[in-house]
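Here are the chains, one letter per residue:
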Amino acid sequence: MRIDFRPLLTLAALAGCAALHAGTVSVVTSFPKELTQAYKTAFEKANPSVKLEILNKSTTAGVAYVREMPAGQRPDVFWASAPDAFEVLVNGKLLEPIAALANPSVPKTVGSYPLNEASGMYLGQALGGYGLMWNTRYLSANKLPAPAEWSDLTKPIYFSHVALSSPSRSGTTHLTVETILQGEGWDKGWSELLQITGNSAAITERSFGVPDGVNNGQFGIGMVIDFFGLAGKYSGFPVEFAYPSVTAMVPANIALIAGAKNAEEARKFIAFSLSKEGQQLLVAPQISRLPVLPPEQLKMPAGFPNAYEVARRTKVKFDADLSATRYNVVSSLFDQTITFRHKELKAATKAIHGAEAALARKPHAEAAALIKRARSLAFTPLVSASMVADKAFLTMFAANKKDAEANKRITGLEGDWSGKALENYNQARSLAEQAEALLK
Amino acid sequence: MLGLFPSDVRSGAWCAAGLVAVFLLLFLVMPVAWVFYTAFVNADGSPTIGHFVAFFSQPLMQEAFFNSLYVAVMSTVFASLIAVPLAYFTVRFQFRGAALIQTLGVLPLIMPPFVGAVALQLIFGRSGSINLLLNEYLGFSIPLMDGLSGVIFVESIHYFPFVLMNLTLALRNIDGAMEEAAMNLGCRGWRLFWRVIFPLALPGFVAGASLVFVKVFDDLGTPLVLGTTNMLAPQAYLRITQVGLEDPLGYVTSVIMIAFSIAAMSLSARMLKGKDFSTIQKGGGAIQRRVLSPAGSLLAYGWIGLVMLLVLSPHIGVLLLSFGNVWSFSPLPDAYTLAHYATVFQDAGSMIGNTMLYCGLAAGLDVVLGTTIAYLLLRTRLPVRHWLDVIATASLAVPGLVLAIGYLRFFKGVLVPGTEVLLTSTWVMIMLAYAVRRLPYALRSCVAALQQIHVSLEEAAESVGATKARTIRRVVVPLMAGGILAGFVTSFITAAVELSATIMLTTSQSQAPMSYGIYLYMQSVAGRGPGAALGVLAIVVVALGTYISHVVVERTSSRFVARPVEEEAPLPFGAVPAKI
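Taken in order, these protein sequences are the chains called A and B. Using numbering that gives the first Met the number 0, you'd call the opening residue of the first sequence number 0 and step up by one each time. Using numbering that gives the first Met the number 0, you'd call the opening residue of the second sequence number 0 and step up by one each time.
No lab work stands behind these hints, which were simulated from the structure alone. Where is the CB? At the ideal position from N, CA and C, for every residue including glycine. Some hints could be false.
As the list claims (entries may be wrong) - Sample of chain B residues at the chain A side, in silico, Cβ under 8 Å:
no.: 1; residue: P58
no.: 2; residue: S292
no.: 3; residue: L421
What the hints assert, rightly or not - With a cut-off of at most 27 Å between alpha-carbon atoms, the simulated DSSO-like pairs for lysine-lysine come out as follows:
no.: 4; chain 1: A; residue 1: K275; chain 2: A; residue 2: K50
no.: 5; chain 1: A; residue 1: K260; chain 2: B; residue 2: K274
no.: 6; chain 1: A; residue 1: K50; chain 2: B; residue 2: K411
no.: 7; chain 1: A; residue 1: K401; chain 2: B; residue 2: K411
Throw the hints in and build the complete structure from the sequences for me.
This is the structure we're talking about:
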């Protein structure tokens, strides 16, 4: 052990000093390089004395990073899609109110969703709506029609061609799931989700895994946020994107971190990102995000969707409070009964499709009854609408999992769900197979 | 002997052990304990084992455990099937291109995250080149990348170099006289390999295979990318990284994985215990390489060619991706371009430098620590020596994210002495995280190398008056050089592609290494090409670095080796080539 750390530390200190000179605004973001680079270039051009330092981290790593830094040494701006990440920061008292920086030309709401957080802790900077993205080569090779609505994805022809992420992994997927649940109602919504996921080739771990897979042709259809589909399309990939009638337009946000090193110039950047100039950057082809400024005030490329139009058309009136109260239940139910049991769910779905196809060729009462039972076993949520409306149930689920007792209760329940789901899917499969045998 | 301070342990050993222990405590044990604390307490801080009870009462977790175990065992088996023939044929036979094969054989380890997975999907995935072609001409496809078998497939072709490198080295170190003697007694072919050569090379094989086992058991990236979530590592990760939810079960899972990895490692050590694998003479130049029969060489070349094509397919995919324009649902990209390289060259310069700096320092630190621990472990009676080994090995199972969060928490507010700069915002943290996470690789190689050196060589040096320090410097280290180099190379190249801790600890773009750059590109649709181009650059740079370190070590060690070889030259089989 003949290691002398002193020269290393000196070097490091020098490197550190160089990076942190005054006039640097550091931004923690999950946004891709094309977007951040465009903002960096434009902002530094407008403010030659200020340097923008981009720290690209996944949303989770970003939140943890901000939380673990001591006050006074924290980065300045947090800029990401998932609203839940901002809620975590608000609850940790890690954000400064910035209501004064909001651009007055930006409307108060998009559809029914407020654009800025009520007390101005974070502001909407761009809009995102969920929709369907498909690979045109894949669909034509497999002779499949393009889907238009979520419910299309439950059809047998799409079996193993769909992909989506999970609500516990991706805040935007959580919004889609919640949108479907609110648009169709809890029971019907879950049934639809179970059928769609039963048709899915994969539940990806990252939300970017879905558009990536659709772009390279691994999946045929993906449930994605609009800019993923649009950016793929405008970058030359054989993909298309469409909004179904059940969708929600929600803002991606920007916030000022409390205890930041350079709050003054950070405010400048936030104001810039909301200004007309900053908003115009969003519609570049490789970025393809929907601005919060109404499109009338900007130069829009031809055929670019208008967020406010889409929001007006949608059938759902998104209730953010309802979503917040049952957040953990939805995430956990999805993971325990879908993500972790995906193999069995897929097998059951396949068997049901097979039996139904056979039944269509030859009516058979007994087989029809078996298939009906199989369907209800596979596609009924394990938590009923009345249960999720029960305050006591929700409170139990919102309890702090760091408490061993609470953790044991929640974990026990989750274990029951995952066990019950396994049993149901296997039983559904065997019922469907029995039905098919009867129809032979 | 069992007392705390045995009189036959020298003070130098105590001192070295102390320094190693301080390093491990400061940069591994304490930061990780800081994080894992959550697994053992209630919200109010009172201790509990309730979280562990919760873990064991979940059927999903038991299933995840058995899946991980199954995947780890099967991957070790397949990795050995790939690596053992490669090593045996290239070391013990006259084989054209042996050096090339051994160099290429290391490449699978240098597969930057995301890029490799994307490339593999493009080639073997459901709509990958192979399946598209199969489907078009033969009307069927193979679900190679699905479920647990998909994980086993990818893990075996990714991690077999661990076995290859360690086994190659062990085979080289076998005393040629052993093989000669066996052949004189009529032992041939399969029996010769199975009864004489393989047993003598066992330390190298076990070192490699146990690394594969533990690495696969703890590996996160592959199952995640393939979407297999009911294994332990993904379960831990998914729970730790949920936004806004502190789930102690994630940490409980990590603690259990660490315990299991340590158990597996100590089991492999026990397997070798009580057996002597050392030979007084090193193989090297003295050994006569055998000649393969025509049929045999056809078979060997055919098999090796096939294996190389398979294991290098991700690299071929990355290369195509880096030149490809749009590659979607087709066996090959639509058109080719150099634009991605142009994009990348603008910002790659400092990243390449950073990667070389961090990984070089980390790997250097690793072999110093590894050699020290190996020596303490095998040559002294220090009472705590096994603990050093256990702790260093345990870092294999610590998720990068946990280590990174541990650093941020443990060193919170600590300033670099004499400045206003936070220690955690310097690149030293990244370098230390690399060193700690890759230490087990270097350690295994060093231990295996030392196991094959007979202690009488040191006794001889000491009996002619060399001091302990001089013996270590002039005899032990030069004889271990191959193993140390293997350790350095493994640490270096695997550190170069480490991602999870890098994302967490990178605090400014000027200090970002290449893996971070690749991650950045791979986050966007338009970034796949540049990401792959940077991946190709990373592979080239790391391969070059590996090659240069080979050359350097061989030069320095030849200075030491030169004389003994001359003196050994008149030995019987050196002068009289054995007839085969």
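Going through the earlier hints one by one, which of them does the structure break, listed in rising order? Per hint list: 2, 5 violated.
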